[in-house]
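Given the sequences, and given the hints that come with them, work out the whole structure.
There are 2 protein chains.
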Amino acid sequence: MRTAVVIGTGLVGTSAALALAGRGVRVHLVDRDRSSAGTAAALGAGTEEAPDGPVDLAVVAVPPAHTASVLAGAIRDGVARGYLDVASVKGGPRRELEALGVGLAPYIGTHPMAGKERSGPLAATADLFEGRPWVLTPTPDTDTEVLNLALELVALCRAVPVVMDADAHDRAVALVSHTPQLISSMVAARLAEADETAVRLCGQGIRDVTRIAASDPRMWMEILSANPGPVADVLDRVAADLDETVRALRGLESADEDKRRTGTGGIEDVLRRGNAGRVRVPGKHGAAPAAYEVVAVLISDRPGELAAIFADAGRAGVNIEDVRIEHAAGQQAGLVQLMVEPSAAPALSTALGERGWPIRP
Amino acid sequence: MRTAVVIGTGLVGTSAALALAGRGVRVHLVDRDRSSAGTAAALGAGTEEAPDGPVDLAVVAVPPAHTASVLAGAIRDGVARGYLDVASVKGGPRRELEALGVGLAPYIGTHPMAGKERSGPLAATADLFEGRPWVLTPTPDTDTEVLNLALELVALCRAVPVVMDADAHDRAVALVSHTPQLISSMVAARLAEADETAVRLCGQGIRDVTRIAASDPRMWMEILSANPGPVADVLDRVAADLDETVRALRGLESADEDKRRTGTGGIEDVLRRGNAGRVRVPGKHGAAPAAYEVVAVLISDRPGELAAIFADAGRAGVNIEDVRIEHAAGQQAGLVQLMVEPSAAPALSTALGERGWPIRP
Numbered sequence: 001m002r003t004a005v006v007i008g009t010g011l012v013g014t015s016a017a018l019a020l021a022g023r024g025v026r027v028h029l030v031d032r033d034r035s036s037a038g039t040a041a042a043l044g045a046g047t048e049e050a051p052d053g054p055v056d057l058a059v060v061a062v063p064p065a066h067t068a069s070v071l072a073g074a075i076r077d078g079v080a081r082g083y084l085d086v087a088s089v090k091g092g093p094r095r096e097l098e099a100l101g102v103g104l105a106p107y108i109g110t111h112p113m114a115g116k117e118r119s120g121p122l123a124a125t126a127d128l129f130e131g132r133p134w135v136l137t138p139t140p141d142t143d144t145e146v147l148n149l150a151l152e153l154v155a156l157c158r159a160v161p162v163v164m165d166a167d168a169h170d171r172a173v174a175l176v177s178h179t180p181q182l183i184s185s186m187v188a189a190r191l192a193e194a195d196e197t198a199v200r201l202c203g204q205g206i207r208d209v210t211r212i213a214a215s216d217p218r219m220w221m222e223i224l225s226a227n228p229g230p231v232a233d234v235l236d237r238v239a240a241d242l243d244e245t246v247r248a249l250r251g252l253e254s255a256d257e258d259k260r261r262t263g264t265g266g267i268e269d270v271l272r273r274g275n276a277g278r279v280r281v282p283g284k285h286g287a288a289p290a291a292y293e294v295v296a297v298l299i300s301d302r303p304g305e306l307a308a309i310f311a312d313a314g315r316a317g318v319n320i321e322d323v324r325i326e327h328a329a330g331q332q333a334g335l336v337q338l339m340v341e342p343s344a345a346p347a348l349s350t351a352l353g354e355r356g357w358p359i360r361p
Numbered sequence: 001m002r003t004a005v006v007i008g009t010g011l012v013g014t015s016a017a018l019a020l021a022g023r024g025v026r027v028h029l030v031d032r033d034r035s036s037a038g039t040a041a042a043l044g045a046g047t048e049e050a051p052d053g054p055v056d057l058a059v060v061a062v063p064p065a066h067t068a069s070v071l072a073g074a075i076r077d078g079v080a081r082g083y084l085d086v087a088s089v090k091g092g093p094r095r096e097l098e099a100l101g102v103g104l105a106p107y108i109g110t111h112p113m114a115g116k117e118r119s120g121p122l123a124a125t126a127d128l129f130e131g132r133p134w135v136l137t138p139t140p141d142t143d144t145e146v147l148n149l150a151l152e153l154v155a156l157c158r159a160v161p162v163v164m165d166a167d168a169h170d171r172a173v174a175l176v177s178h179t180p181q182l183i184s185s186m187v188a189a190r191l192a193e194a195d196e197t198a199v200r201l202c203g204q205g206i207r208d209v210t211r212i213a214a215s216d217p218r219m220w221m222e223i224l225s226a227n228p229g230p231v232a233d234v235l236d237r238v239a240a241d242l243d244e245t246v247r248a249l250r251g252l253e254s255a256d257e258d259k260r261r262t263g264t265g266g267i268e269d270v271l272r273r274g275n276a277g278r279v280r281v282p283g284k285h286g287a288a289p290a291a292y293e294v295v296a297v298l299i300s301d302r303p304g305e306l307a308a309i310f311a312d313a314g315r316a317g318v319n320i321e322d323v324r325i326e327h328a329a330g331q332q333a334g335l336v337q338l339m340v341e342p343s344a345a346p347a348l349s350t351a352l353g354e355r356g357w358p359i360r361p
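The listed protein sequences correspond, in order, to chains A and B. What the first sequence shows, in this note's numbering, is residues 1 to 361, in sequence order. What the second sequence shows, in this note's numbering, is residues 1 to 361, in sequence order.
Just so you know, the hints here were simulated from the structure itself, not pulled from any lab data. Where a beta carbon is used, it is the ideal one built from N, C-alpha and C, also for glycine. Be aware that a few hints might be false.
[Stated by the list, open to error] One side only, chain A facing chain B, incomplete, derived with CB under 8 Å:
| id | residue |
| --- | --- |
| 1 | D77 |
| 2 | V79 |
| 3 | V176 |
| 4 | T179 |
| 5 | S184 |
| 6 | S185 |
| 7 | A189 |
| 8 | C202 |
| 9 | R207 |
| 10 | I223 |
| 11 | V234 |
| 12 | L249 |
| 13 | V323 |
| 14 | R355 |
| 15 | G356 |
Structure (structure tokens):
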């Protein structure tokens, strides 16, 4: 790939342009908002000049609702040899393109699984996609050359290509991204009108479950509006478990021994299926979550405390795999949980203990 | 308080005994399982010898299902001036005690909001309760002397006393602890039978939402069985939001413009109420979550990388408030998000940048 057009210079488009430009591809930047394209060009993402003739690849990075029409226009104008989009849903844009009567051979739908809280070209970075899955949805109609251009883009962005059917992709993101967002919001919503005293009892569990409930409602409305069916299908199954659990809990309230027994079984089943599902969530390096051992250390709130712990761990030759910091309510002290390979835990405990850190067994 | 009996030498009982013994209280240890009491005594939590006469305070730390009968026995035997339990629910044990015909004046129900994944006396530590809320549920019948003994215990354990009505406590933990546990399990359960390709697309959002789904089902069955009504009440309200959201999503699938508009409004409402609830979750030091600024740094997977970052942050005089490490799927590199006071963020970015760290803006 020598030349590309990026249409839509928001976070994703500009980040892809930066990655391509940084690896020697000549990138032409287009945006309905000229100042956005100008910003991207100033960041080194490419040029605002129009290309002399067709480029190798056109990357369409506009909101889902405009993806099909922008793609259709670009294909009709013949601006490139191959065309892809990066919208967060894949079934709808493809069907809209078909309805517009455009030949789909030079097109492939894609979705990089990367983003951040901020949007726009100023939030873009060349390494946004590094190590992230980038879904490609070729069909039997897709030109092999176009698939290879897309794979080259993914490689230049240092992402990990994952080939999926467009509708399977939409069901997958409904499951692993869109449903958790809505459920997190629903749990957090219960706190909106709670007593202040109840809220004071919040611990790390609800803190984790509700973290993404802080997300931008407008951005999520765009995403959910483009994938309502698959999300509703997953929520229907969550609702079935929820109804069953409420019924089981009401059984536990009852004096009837049979109902109590059935209740216990129903709830334990949900908890056990939860265990089974959680084990599948990829941890570090995309693998199943490693069974790390936790070394817990109590620290004060002075600057440099964490630095000193990490330095001591480094001196002991131990690689910290993950960290969790739990601040105690109403106190200046905090508990640091250092997650390490099980074989490294005794050495780390000993090393930190010798240096006077209060280890919590 | 000079003398105490701790009945039940599991994690919580032994931790309280260690805190009391460490501050000069003579603690007598009792457990149905003699080896458990022996272990606690060996750890320095007190003595297995019986007291000469009534002690100041009896701490009952047995499973919820046995709490009332053990309390009733101790009160009838007159082993102490005051009695408290530490069970994770408070309404049931009190009503059971009343039904057993025991005078409740010398009793106060309490619940320390602390725990860990491991149980038993070997997991106990004197600082388990440091800075954690410890709920006290006095009634007009409670002797003032008994309330003061309980407050003294909480102070000796360095916990933060929170006075609540017993039933209000049970509704609060249903909201902030028991419901998030079940909902997390239900989201994780959906992954149990998902396609491997779908599971590969999991990101940090679902990872956080499902973290506590790894919890022990048997322990949770004990907790939920003791509080079924309040948990079912909260889940009923979550179910109402869930049903409304499914209906709204089905509306978005429809061609009818009115249905689409209603659907958008309904979903956006849930997301906005989620925002409002999330803001109330206490962060560091029990206050509302501080608006930290994130400084993101890309690191390799070598030992010492984190140590070096933290050391450099310490040298710049910046206190890291929280850390999140996001490992890229299929890659050795990871993204470290350093959370700092907004005023400290520019200094930290500059300091780390000058030392060659790849900062992601």
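Hints, verified against the model:
Taking 8 Å as the C-beta contact cut-off toward chain B, the hint placing D77 (chain A) at the interface is violated, the least distance being around 30 Å. Below 8 Å, beta-carbon pairs count as interface contacts, and V79 (chain A) has none with chain B, the closest being about 30 Å; its hint is therefore violated. Because the smallest distance between the Cβ of V176 (chain A) and any Cβ of chain B comes to about 5 Å, under 8 Å, the interface hint for this residue holds. With a least beta-carbon distance of about 7 Å to chain B, the hint placing T179 (chain A) at the interface is held under the 8 Å criterion.
A hinted interface residue such as S184 (chain A) counts as satisfied when its beta carbon comes closer than 8 Å to some beta carbon of chain B; here the least separation is about 5 Å, so the hint holds. About 3 Å separates the beta-carbon of S185 (chain A) from the nearest beta-carbon of chain B, less than 8 Å, and the hint is met. The interface hint given for A189 (chain A) holds, since its Cβ lies 4 Å from the closest Cβ of chain B, which is under the 8 Å cut-off. Interface restraint check for C202 (chain A): the shortest CB-CB distance to chain B comes to about 5 Å, inside 8 Å, so the restraint holds.
Given the 8 Å rule on beta carbons, the hint for R207 (chain A) holds: about 6 Å separates it from the nearest Cβ of chain B. Evaluation of the I223 (chain A) hint against chain B yields a violated restraint, the C-beta minimum of about 11 Å exceeding 8 Å. Checking V234 (chain A) against chain B by beta carbon gives a least distance of about 6 Å; that is within 8 Å, so the hint holds. Given the 8 Å rule on beta carbons, the hint for L249 (chain A) holds: about 4 Å separates it from the nearest Cβ of chain B.
Hint on V323 (chain A) holds. Least Cβ distance to chain B is approximately 5 Å, under the 8 Å limit. Using the Cβ-Cβ criterion of 8 Å, the hint placing R355 (chain A) at the interface with chain B is not satisfied: the shortest such distance is roughly 13 Å. Evaluation of the G356 (chain A) hint against chain B yields a violated restraint, the C-beta minimum of about 16 Å exceeding 8 Å.
Going through the hint list in order, the structure does not satisfy hints 1, 2, 10, 14, 15.
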